[in-house]
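Colleague: Residue numbers (the numbering used here), protein chains in the order written: chain A, 1055 to 1531; chain B, 19 to 259; chain C, 6 to 239.
Everything hinted at is true.
Keeping only pairs whose Cα atoms sit at most 30 Å apart, straight-line, the calculated DSBU-like set for lysine-lysine is:
#1 A:Lys-1246 x A:Lys-1227
#2 B:Lys-71 x A:Lys-1411
#3 A:Lys-1525 x B:Lys-20
#4 A:Lys-1288 x A:Lys-1153
#5 A:Lys-1246 x A:Lys-1235
#6 B:Lys-198 x A:Lys-1477
#7 A:Lys-1477 x B:Lys-20
#8 A:Lys-1288 x A:Lys-1162
#9 A:Lys-1430 x C:Lys-45
#10 A:Lys-1217 x A:Lys-1062
#11 C:Lys-130 x A:Lys-1158
The hints are simulated quantities; they were obtained by calculation from the structure and are not laboratory data.
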Amino acid sequence: MPMHIGEKDFKKRVTKGLEDDFMRGAVRSAQGRLQDKRATAADELGDWEDWRTLGSEIRSHTIEHLDYYLHQLSEKVAELGGHVFFAETGEEANEYIQKVATEKEAKKIAKSKSMVTEEISMNEALEAIGCEVIETDLGEYILQIDDHDPPSHIVAPALHKNKEQIRDVFHEKLDYLKSEKPEELALFAREKLREEFLSADLGITGCNFAVAESGSFALVTNEGNARMVSALPKTQITVMGMERIVPGWEELDIVVSLLTRAAVGQKLTSYITALTGPKQLEEADGPEEFHLVIVDNGRSKILGTEFQEALHCIRCAACINVCPVYRHVGGHAYGSIYPGPIGAVLSPLLSDYDEYKELPYASSLCGACTEVCPVKIPLHEQLIMHRRKIVEDEKKSTLSERVVMRGFEQLVNSANLYRTATKMAPFLTTPFAKNQLITKGPGPLKHWTHARDFPQPANERFRDWFENRQKRGEKNA
Amino acid sequence: MKISFFVTCLGDMFYVNAGKAAVELLEHLGCEVDFPKAQTCCGQPAYNSGYHKETLEVAKHLVETFEDAEYVVGISGSCVYMIHEYVHLFEEGSEWQKRASKLKDKTYELTQFIVDVLDVEDVGASYEGVATYHTSCHMTRLLGVTEAPFRLLENVKGLQMIDLPNRHDCCGFGGTFSVKMSDISEQMVDEKVEHIEETKANLLLGADGSCLMNIGGRLSRNGSSVEVKHIAEILNSRGDL
Amino acid sequence: MPKGNIINRDSFLTNIREKIGGIAADKPVEKPSWSVKPQKKVLEGYDQDQLISVLREQCKEIHTDFYQTTLAELTGTITEVMEEYESESIVYSDDPRFDNANIEEYLQGLNAFKWDRNDRENSIKVAERAEVGITFSDITLAESGTVVLLNDKGQGRSVSLLPANYIAIIPKTSIVKRMTQATDYIHAKVEKGEDIASCINFITGPSNSADIEMNLVVGVHGPIRAAYIVVDDL
Ligand code: SF4
Chain A
1055 MPMHIGEKDF
1065 KKRVTKGLED
1075 DFMRGAVRSA
1085 QGRLQDKRAT
1095 AADELGDWED
1105 WRTLGSEIRS
1115 HTIEHLDYYL
1125 HQLSEKVAEL
1135 GGHVFFAETG
1145 EEANEYIQKV
1155 ATEKEAKKIA
1165 KSKSMVTEEI
1175 SMNEALEAIG
1185 CEVIETDLGE
1195 YILQIDDHDP
1205 PSHIVAPALH
1215 KNKEQIRDVF
1225 HEKLDYLKSE
1235 KPEELALFAR
1245 EKLREEFLSA
1255 DLGITGCNFA
1265 VAESGSFALV
1275 TNEGNARMVS
1285 ALPKTQITVM
1295 GMERIVPGWE
1305 ELDIVVSLLT
1315 RAAVGQKLTS
1325 YITALTGPKQ
1335 LEEADGPEEF
1345 HLVIVDNGRS
1355 KILGTEFQEA
1365 LHCIRCAACI
1375 NVCPVYRHVG
1385 GHAYGSIYPG
1395 PIGAVLSPLL
1405 SDYDEYKELP
1415 YASSLCGACT
1425 EVCPVKIPLH
1435 EQLIMHRRKI
1445 VEDEKKSTLS
1455 ERVVMRGFEQ
1465 LVNSANLYRT
1475 ATKMAPFLTT
1485 PFAKNQLITK
1495 GPGPLKHWTH
1505 ARDFPQPANE
1515 RFRDWFENRQ
1525 KRGEKNA
Chain B
19 MKISFFVTCL
29 GDMFYVNAGK
39 AAVELLEHLG
49 CEVDFPKAQT
59 CCGQPAYNSG
69 YHKETLEVAK
79 HLVETFEDAE
89 YVVGISGSCV
99 YMIHEYVHLF
109 EEGSEWQKRA
119 SKLKDKTYEL
129 TQFIVDVLDV
139 EDVGASYEGV
149 ATYHTSCHMT
159 RLLGVTEAPF
169 RLLENVKGLQ
179 MIDLPNRHDC
189 CGFGGTFSVK
199 MSDISEQMVD
209 EKVEHIEETK
219 ANLLLGADGS
229 CLMNIGGRLS
239 RNGSSVEVKH
249 IAEILNSRGD
259 L
Chain C
6 MPKGNIINRD
16 SFLTNIREKI
26 GGIAADKPVE
36 KPSWSVKPQK
46 KVLEGYDQDQ
56 LISVLREQCK
66 EIHTDFYQTT
76 LAELTGTITE
86 VMEEYESESI
96 VYSDDPRFDN
106 ANIEEYLQGL
116 NAFKWDRNDR
126 ENSIKVAERA
136 EVGITFSDIT
146 LAESGTVVLL
156 NDKGQGRSVS
166 LLPANYIAII
176 PKTSIVKRMT
186 QATDYIHAKV
196 EKGEDIASCI
206 NFITGPSNSA
216 DIEMNLVVGV
226 HGPIRAAYIV
236 VDDL
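Bound conformation, chain A alone (with noise of 0.2 Å):
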């Protein structure tokens, strides 16, 4: 899956998510429990202030110094008897994956989750060369199965998808005959991937944390399938994101906290497995041969800019969940893998902004974001930053838009010219008033008044107020 998805058209995609009933009921529920769960975690901590503090300048050091800590990492990959291969492009890493692929005569893979697959199209890739991928999460694995629906969630792929339509894709594609409980559903999926676990010629990883001073790899899941990857198929590649990175373990413990609380409101998932290097001689299971493949993929272009706090991110999705605008369109709506908050942040800039150039203004800069993201990443601001560019640099803004800043700026600039305007305001608007209110608005005010009654400006400003008071002596005169 590439890392656009959907209907090329914004607002099309907008009002296919808004008409969904059944998504916007399934995410308004999954987002309050989320909400409500990460709340808490944070709260428990007490001093969850000092933690992000403490993420946020892990996270700056590090991509600071990303060159010096990728070659450390590669370095102890190396020494361990790990082959390590840094690609530059999502096509370099897929052709590497493939090489691998064919040398160990791979059929079947088992690949745990992991979002930069997703982004560099990694599963197609594979099943170009005649390989099978089973994606064994069990969110993903609903989604592969039902015709490759993409993910409308980083943590939660599926979260777009009730129970009761997940009992109808197993049952559609896999002759499911129970019912929409969770835990039959889950039973089942558990039973079907354990005969592939066990039969997987190569594992494929994503990586939640690197960890530079030893070279080892932190997966943190809950439901095991990254632990089977990891330890059953002989041969064993992990992909990582650039930036996904730390200097060592003290640093490891901390973003691990963060991630875990963030997402799902767990003072640790039940699992967060940390590998190095391929097995030793002593050692039964785990993989013989071990990969790391290392991609840049576009987020080079983000360092030196004034968008580098992007590459911070742990990947938890909290500010998804609190997001209102995610809430009501739905991930699908931003025709990214990566939605929300977030995603409106990084997809112009992994892709461009003759892609995404409208997904800097799907929020109303509510901060929501940044009040939660465990490493302070100014989430609203950087949409503001983009919508700054676009207008500045990229002159992808509206003619109609820049006149009326324009004009906007000479107004507010002369105070006689702001006198006048504002004092003519309930003249111009009186044509389309009733009763003070303005239901049916000209121009702009259009699409406002679609939902909501505009006032009419006072006939008395607050200006003329004070100043006749001020005459009359009132007050202060």
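We have chain A already, so just place chains B and C with the ligand on it with the hints.
Modeller: The following block gives chains B and C with the ligand in isolation, referenced to the frame of chain A:
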């Protein structure tokens, strides 16, 4: 204490009563209030739309307008926050930045000023009604004023306050967002209105004209009987109960 | 093991270095001292018994059965758990601690299999069929209710993973406050140039998923039930 009053565009043109009430309230609390006539908009619409060069000019104008004031008090958390933001607009270490920073230090939102500077929590107001309060995003999250309005409202005689469910959710205004993404904005304001109706309050209060205009516009379109008022209007009510 | 290959590194890192204005990659970077250390304050001053109560409470959150016993009673407790889980077959890691704790003999009296470090196929096959997997916890984190397994040599990654039920034997002395103490320990080993286990598992209760409508389902790919047995005199 001398206060230069910052009324904001909406306050000047639409919510005149809020401005009047705020001035009278401040005077009641012993302040001397003036109104620098050169004041215009804070520039937020341009800033949030990415027109930063334009915003810079607006910022300079407001800095000049208010820089001689002892205190600046505004009746919108969002616009006051914008003034605080000026510091980040100007070049690091520049003369303008210093001037903006001085302005920031003496600029307050109304309830923040009353509680933090005047150190008053009971303004002696009385108002008969059942109310709920909308916490606007910029005021709480960005300006960091979370408690002041509640403290003041708790002490209004005759007023019963009811918690607004999901009060931290945005009302969907977002400036140009409400026009550019009007279909999404509509859903957000609808959700807000649902929660307000759930409280059964007959009065919706807030400290930001823009949110009130948005929510009030939707309530009015729905034919709702919920009245919408700026917090200043309640705090300035001293009728007999 | 021979050193692995590193491909495309130079151009990749040069590009990054140019963007961030970094220095040469092989020049060591000093880690700053972080301005705050909230992780050190968690459960500060708790003694071993207080940590056990924290662990016991946390077990309720993570759907894990908690037992506390002594070395003399350990086999009895394991029997109790086996009965509770209606299980007969058990797989255990190739770990001298079983013998040291005098329970290897007891285990062999059950339908038991000891993980064979030299036989991948068979070990995995048996572990997959066993009803219970049992291991020692190397480090136990009270705050989160986590057992840390330093899986190398004969430990077997699959022992705590494939069976439907998992039992962790927790020496009282292995209990620390939180993840910080475990990562400090591992970091110290790395500093000294010592090997760390190829697979370190932080296990917190049975496997679960909330992928279906955010409803928690306990037991997805890994164990469905988990029991922790704290042994006071270990
Ligand atoms: S931007 Fe922050 S809140 Fe959003 S996913 Fe990334 S780390 Fe989490």
